[in-house]
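J.: With the hints as constraints, model all of the structure from the sequences given.
Number of protein chains: 2
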Amino acid sequence: MAASEESLRKALAEKQSAVEAHGNAVRALKAAKASKPEIDAAIEALNSLKLEKSSIEKQLQAAVSGSDGDGALSREAFRQAAVNTLERRLFYIPSFKIYRGVAGLYDYGPPGCAVKSNVLAFWRQHFVLEENMLEVDCPCVTPEVVLKASGHVDKFTDLMVKDEKTGTCYRADHLLKDFCNEKLQKDLTISAEKAAELKHVLATLDDLSAEALGAKIKEYGITAPDTKNPLSDPYPFNLMFQTSIGPSGLSPGYMRPETAQGIFVNFKDLYYYNGNKLPFAAAQIGQAFRNEISPRQGLLRVREFTLAEIEHFVDPEDKSHPKYSEVVDLEFLMFPREEQMSGQSAKKIRLGDAVSKGTVNNETLGYFIGRVYLFLTRLGIDKDRLRFRQHLANEMAHYAADCWDAEIECSYGWIECVGIADRSAYDLRAHSEHHVKNVFDEGQREGNIDFIGTNLDKSGVPLVAAEKFSEPREVEKLVIAPVKKELGLAFKGSQKNVVEALEAMNEKEALEMKAALESKGEVEFYVCTLGKNVPIKKNMVSISKEKKKEHQRVFTPSVIEPSFGIGRIIYCLFEHSFYTRPSKAGDEQLNVFRFPPLVAPIKCTVFPLVQNQQYEDVAKVISKSLTTAGISHKIDITGTSIGKRYARTDELGVPFAITVDSTKDVTIRERDSKLQVRVSVEEAALVVKSVTDGLRTWEDVWEKYPHHTSGSADD
Amino acid sequence: MAASEESLRKALAEKQSAVEAHGNAVRALKAAKASKPEIDAAIEALNSLKLEKSSIEKQLQAAVSGSDGDGALSREAFRQAAVNTLERRLFYIPSFKIYRGVAGLYDYGPPGCAVKSNVLAFWRQHFVLEENMLEVDCPCVTPEVVLKASGHVDKFTDLMVKDEKTGTCYRADHLLKDFCNEKLQKDLTISAEKAAELKHVLATLDDLSAEALGAKIKEYGITAPDTKNPLSDPYPFNLMFQTSIGPSGLSPGYMRPETAQGIFVNFKDLYYYNGNKLPFAAAQIGQAFRNEISPRQGLLRVREFTLAEIEHFVDPEDKSHPKYSEVVDLEFLMFPREEQMSGQSAKKIRLGDAVSKGTVNNETLGYFIGRVYLFLTRLGIDKDRLRFRQHLANEMAHYAADCWDAEIECSYGWIECVGIADRSAYDLRAHSEHHVKNVFDEGQREGNIDFIGTNLDKSGVPLVAAEKFSEPREVEKLVIAPVKKELGLAFKGSQKNVVEALEAMNEKEALEMKAALESKGEVEFYVCTLGKNVPIKKNMVSISKEKKKEHQRVFTPSVIEPSFGIGRIIYCLFEHSFYTRPSKAGDEQLNVFRFPPLVAPIKCTVFPLVQNQQYEDVAKVISKSLTTAGISHKIDITGTSIGKRYARTDELGVPFAITVDSTKDVTIRERDSKLQVRVSVEEAALVVKSVTDGLRTWEDVWEKYPHHTSGSADD
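Residue numbers (the working numbering), protein chains in the order written: chain A, 1 to 715; chain B, 1 to 715.
Calculated from the structure, these hints are not laboratory results. Do not take every clue at face value.
Copies of the same chain look alike in the list, so a pair counts if it works inside one copy or between any two.
Unchecked claim - Straight-line Cα separation of at most 27 Å, BS3-like style, residue types lysine-lysine; simulated pairs:
no., residue 1, residue 2
1, Lys277, Lys634
2, Lys624, Lys689
3, Lys624, Lys323
4, Lys53, Lys199
T.: Right under this line is the structure:
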């Protein structure tokens, strides 16, 4: 809690007490029929106290809403203006609108669809082609076994509460969050201690268990928002859309909640495709699905969305990156764990410093953070409203080495748009282990155990890589060799389970057994697939440490995963690009999207100034050269005034307009500056192309060509 | 049935009778102890008859399998070679392979993914940009109401039978088809009549009802293929993947079986976006899902696939197309209905003739057929193995005006890859009607009825267009005006139903009622929402024909829908591009894909001839210029022989290889001709770019540059 807010809450409470005490005093004076001057003086003092209290209330109000007082209002108004324009011009449309829509589903209309396909094309250029990534394209329908292994079937849940009377469902954490925010902002009478408690709840919301969340909801007396009915206890709701594969109804499947699993299960083939060499990255663009309990915030929390994901596989012992030097000098807003914990804000840090100081875990992670920064800013995201926030220890999965979110600030606050995580070996192991469950045990997959007679080759697909040694190295290896004949005699049909369990021992267990067998000749051994102990005798297993020559080191690669929520990036891009400016007459506000040519849905419009065959013919000639040059464009031959036509294309974020006002020279207008130059018909397309392709700037054009002086039509 | 096959079957049957009769005669002679010479002569005659029978059998065998005898074998071998290469080089991969895969689900690996993205980019270029289509992007998750309206919930089914003991499911028509084909090809003893019957069953398979299919399965004694167990009666199985939207479990949804519905429900907004003008086309690329009962044929029948669909909306009274003249002279294989019915084969027809003779229903349909032809052949589809087959009357939906499939021949036969249908006003009406059920009646949506007090505005969204008249026109309109006061008195709570039913009368019904009311003063009137007749008196409704001035004509547009199965096109493209040629040593067959540069996954490889720093530096310089030129490429610096490296890139269909064999000049090799030219390091990238961009041909390059004469490494 900010110091000023805390002291204001205390001052308010004190003033409140003073007002009450003084009120009592006034009543006592009246009751005692004190003299009028005496009573008047007391009332005057009381009023003055009340004024002071009211002044503190105002200060507190300002403090709790921060810049949120006027800020929230203007943010809301800004969003309304942007969203109105976006929906009216069909950038996006609530899906199935004529059937009243479905919460959390949106269509991209023509300009939105063009922006999306430009963003994806640039993503492919900037990441896949530039880095020689292996792009794959896997189905959305996914069998249960895959998502069981990845953990999604068991753990991909949100906590839900139900209105006990109507059955309406709510996200438990959202209700608690709304309650706390509302209380903090609207109830000025709560004590400083209470305010601190509510803030603590908000900060730790993501960590609360179902029980803790339920207890808080009870404690605060939170009820269903629509009906005020009591709520059920929170319980987990799995966010995957479930379905059934094939006609039997016996093969459950899900719509994938992320695209990454399709890459992990193909690791072996992709590693082979890459010539059995690390590092390499695979990438995938595709739909993902999350059956949100109660979608909110427009395009930011939806039930179906496009993800673009990269899985960069790397030797855990060498996370350097050959192109790291290209990003090392980038400087941008970073928000490391420590700054968050100590209540500071994000600050500009040179990427190279963050890596060398160990703030960012390793070079490869740093490299991708830099590449993501370049990607987002080139799209048109405002660099001052973009920060890289490190996950706090309690946010991060236990297996992750480090994790940074690219967060973009928009009218809804700071929004996570890209996650960049070093997930260590978790995902590949999860799929390997799912096959060899009960055979392996955490921590013994690599290095120092030999498998003799293992069924690894039969049922498991180890997702591992190998480093070939230039010369063989001598290593000491633990060898567990079950004696199948003896085990068969002793355990008959259960022999296989016992063999697997013996082979699955880790080094510590095996050495303990070896010692016990040598001293006692027999040990009790728990076989989890049998669910009981069995007696193991000395002649049933040989355990030894042997020196061996090794020709390679086999290991599970680490994976560094940058994962992009394309819809969120696009929505933030819409907000960062949107502005309004007064019309020429000053009687209305006109909407503009300042998209860079890279993402603009159309690069250029062509307007004959007046409806006239000659001008239309010239427009067609120019249109043809634009097509040849590969510039997406549109001709507008309506008789509408040129100013209105400019306003219409500004609303779509079209960067250039060519107005045909003679048969020799035409006028090219730039959207944001509204500056206009005169260019010959022959040159027009090439001028537009050179600027949209980034070969020269508008300033270069402005310098080179004669200016249109007769005053632009819309200015 | 081919004449020769029929007469052969008859000859075989006669010969069989003769053999039997003669055999009996021989046995009779032996029984009667005839003389040895007599018996020997009879046996000789019998043997000669048997020889004749065997010769007819051979001819028949050849006739029934047609070119299928050796042809089927070589097709099978060809497919094996192609599929082996495709799977080994990760063009595609059975999805979730490490978990033993899921039938009907495939991943595209890196080269397949690149081919797919090239095909989609060209589709967008050739259709969306070239025709200024409005591209949209809608979700896959679709609420039930939308697919109820479109008819998919009720009718998107295949007939299924179950093994009565194991529960295994089969597609009923597939079992019957397999049975008939097997019988026809392997059982030569069946009569000509039986053969004709089986062929008739095959020809009418798609028309058979569940009952008819079940009867045939019983009649032929068809059992479960794997177990020979009896089969259940056929019953419909809906092919949509079902799911549930939101946490309540009360909102059923499906994964869309096509992308088209997303466009239809947005018609109103898109029409407005297009300035309320027809014609215009909307387009969508996206995933579609069909839960096939038993997927077959690799990439051709899968459970999830990418569709690219166009919905071209047009005035039903004017189906001309402004760019029709651009395709009118194209000539290609067409297979009109009549040719199919009379047993002829597809023939080359000039598109303009097919349209002018009325074989193709209208210009716009013809225009799209031509554009699809250009699209497919530019991708590399062999024009001699591409035909446009018209739907037979019984194949076509009742509402469709005309429908043509682009079929591509591959090792599985002729495969439908693009459907081009004039679906008239069906789809837009289906969504309009779903809202206004019980208010409207087929055939009265347009033109001659005014709605007074209708609830159309409240519940329905009419998906219609309007043609504004330059001058108002006088038309005679039927006006049905229920007198609510009288109806309220008479029917109280049911008043609304009666009003709606009256307003919903078509012109004929309304005029009959008017006459009856005038003559009798009262009529019985059936109100379907009440499920009963009610008495209508003369004072309850006024029905009149009035002359009115109309300013516009309101109508439901027709839709012409080209729908592309992208995965099928890509698979056929793989087969049409694949060939083998002997290695230089002649000891093995090498695989090549002859992809045009447009679709090749990589356009160029760069090989330093030997591992050497100088050459590698030159390779990097060339790589950089290729990147600048936007040419996707790969450097291969492995020490493998140049011949092996060529073979490796030929297998990926890379059209050009640049071999760095000096620091001044390099060798460019073309994949199919294996011809090589010498080009300076500076020029290399531009030469490759000019050919891949189609600015000049390889022949131009071959003519201009010096040839590499020292004998190519792989030849």
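J.: Run every hint past the structure and note whether it holds.
T.: Do the hints match the structure? See the list:
Taking the shortest Cα distances, Lys277 and Lys634 sit within 27 Å of each other only across copies (16 Å), while inside one copy they are farther apart (48 Å). In this assembly of identical chains, the alpha carbons of Lys624 and Lys689 lie at most 27 Å apart whether taken from the same copy (13 Å) or from different copies (22 Å). When the C-alpha separation of Lys624 and Lys323 is checked against a cutoff of 27 Å, the pair qualifies only between copies, where the shortest distance is 15 Å, while the shortest distance within a copy is 41 Å. Proximity of Lys53 and Lys199 under a CA criterion of 27 Å is satisfied intra-copy only: 24 Å inside one chain copy versus 96 Å between copies.
In summary, this structure violates none of the numbered hints.
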